[in-house]
Amino acid sequence: MSIKFLTIFAVGITFVCAMTFVGGYRIMQGAKVEEQLSQQAQQIKSLPLQQASVTPSSPSVKTVVEVGADQVEMGVTVE
Amino acid sequence: MQESKVLHYILGTSLAMTAIFVTSALVMVNSQADSVTTSTSVNNAAPVVNSAFINTSPNTLSNTYTGDPLPIINNLNPGGTRTINLTGYVEDTNGSADITNVSGKFFRTPLGSGCSASDNDCYIVASCSMDNVGATPTQKRYNCAFPLNYYTDSTMAGGEFPADNFTAEVVVTDGTANGSSTILMEVAPLLALSIPNTINFGSLSLGVSTSNANNVEMTIEQNGNDGADVEVSMADAALTCAGIGSIPRNNIEWALTDLSHSAAGSNDLTGIPVDTNLAIGYRHGANPNKKLFWNIQIPAVGVKGSCTGTTTISAISS
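First to last, the protein sequences are chains S and G.
Residue numbers for the first sequence follow the working numbering, so the first one is 943 and each next one is one higher.
Residue numbers for the second sequence follow the working numbering, so the first one is 698 and each next one is one higher.
Only chain S is shown next, with the shape it has when bound in the complex:
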């Protein structure tokens, strides 16, 4: 094989290796993002839930509401 052919072949191999390297790096970055999302999901699931709070009421004495006396007008006309 001529040195020229070997050189072209080597450059080609280098190009393929470079592309593979870049591709692999990006895949690994994606895995890292996925792992971060997983951790965030776990954090969300472990958030403490707040409970409903109802403030106890203070004593009250009024239990009956009364309607006061009705003043009824009475009338008759004597002829």
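Quick caveat, the hints were computed from the structure, so don't treat them as lab data.
Among the hints, erroneous ones may be present.
Restraint-style ranges between C-beta atoms, simulated for each label pair [unchecked claim]:
#1 S:Gln-982 to G:Ala-854: 53 to 63 angstroms
#2 G:Ala-716 to S:Ser-980: 30 to 40 angstroms
#3 G:Ala-842 to S:Gln-981: 35 to 45 angstroms
Bear in mind the structure is a predicted one, so any value in this text is a computation, not a measurement.
Note that beta-carbon positions come from the ideal geometry of N, C-alpha and C, so glycine has one too.
Given chain S's structure and the hints, the job is docking chain G onto it.
Okay, now just chain G, sitting in the frame of chain S:
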């Protein structure tokens, strides 16, 4: 010869870079050897009720009613409605957009939340209002309005169900899971009646008495949630006439049935309040009412013109 030297340099550089890439790839692959590719899906979290208050004003984060041991609703509106609001915040940790509905119920506790809608004891709001006022990205504010009728069952001493109480319940859902919260309350008795404000015998001649044909029928209706009677009296000793004379108080009579003046069972009006035992019951369905019949006897002489006076008719618990 010069070209061959250049090609050698290019070949050497390429081989060196290939070696570097391969070595780097091996190192990186080995360094990742123990890492596991993870995939996850965020599970649905059940929504919860953060807070719940009862207030007569909507969307108000405080309690109107107080009491011990339970808050007491003591301001039902005689003959009308009193709206109470069950309000607060609900939350879904998957985000507030996951919350699909908030519903509310106000029911007499022994009936349970599965009760059928009733103005006496079971108020249902299928979809309460929701907004984002004051809410975090995972919360929503809600408001369930219950227009309580004046005849809502009383659960206190003197009422129809003194051993019971009411439950205000809010339920939040995201379509898959639910969360809820409850508040126990009492409803106080409301003693209220609708009583006509006039008794008009019309025009009568001297010496005439009314009978069951022309007496005055007074219809008294329930306007509260308490069994009721009425007491009747007239402070003045007589009706005063604009012309001459007066009509003595004891010439006026009341009865529970349609009687004529001076008939057995007809009672003289007195200056001291007298319980008529009218017995107007609790409202369940049609509004209960009772009639009070009034008769008068006009003196034979010494009276003329328009005669008027004031009768007091007071509601009392039966």
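Status of each hint after checking the structure:
no. : hint                                       : result
1   : S:Gln-982 to G:Ala-854: 53 to 63 angstroms : holds, 56 angstroms
2   : G:Ala-716 to S:Ser-980: 30 to 40 angstroms : holds, 36 angstroms
3   : G:Ala-842 to S:Gln-981: 35 to 45 angstroms : holds, 43 angstroms
This entry satisfies every hint, going by the numbered hints stated previously.
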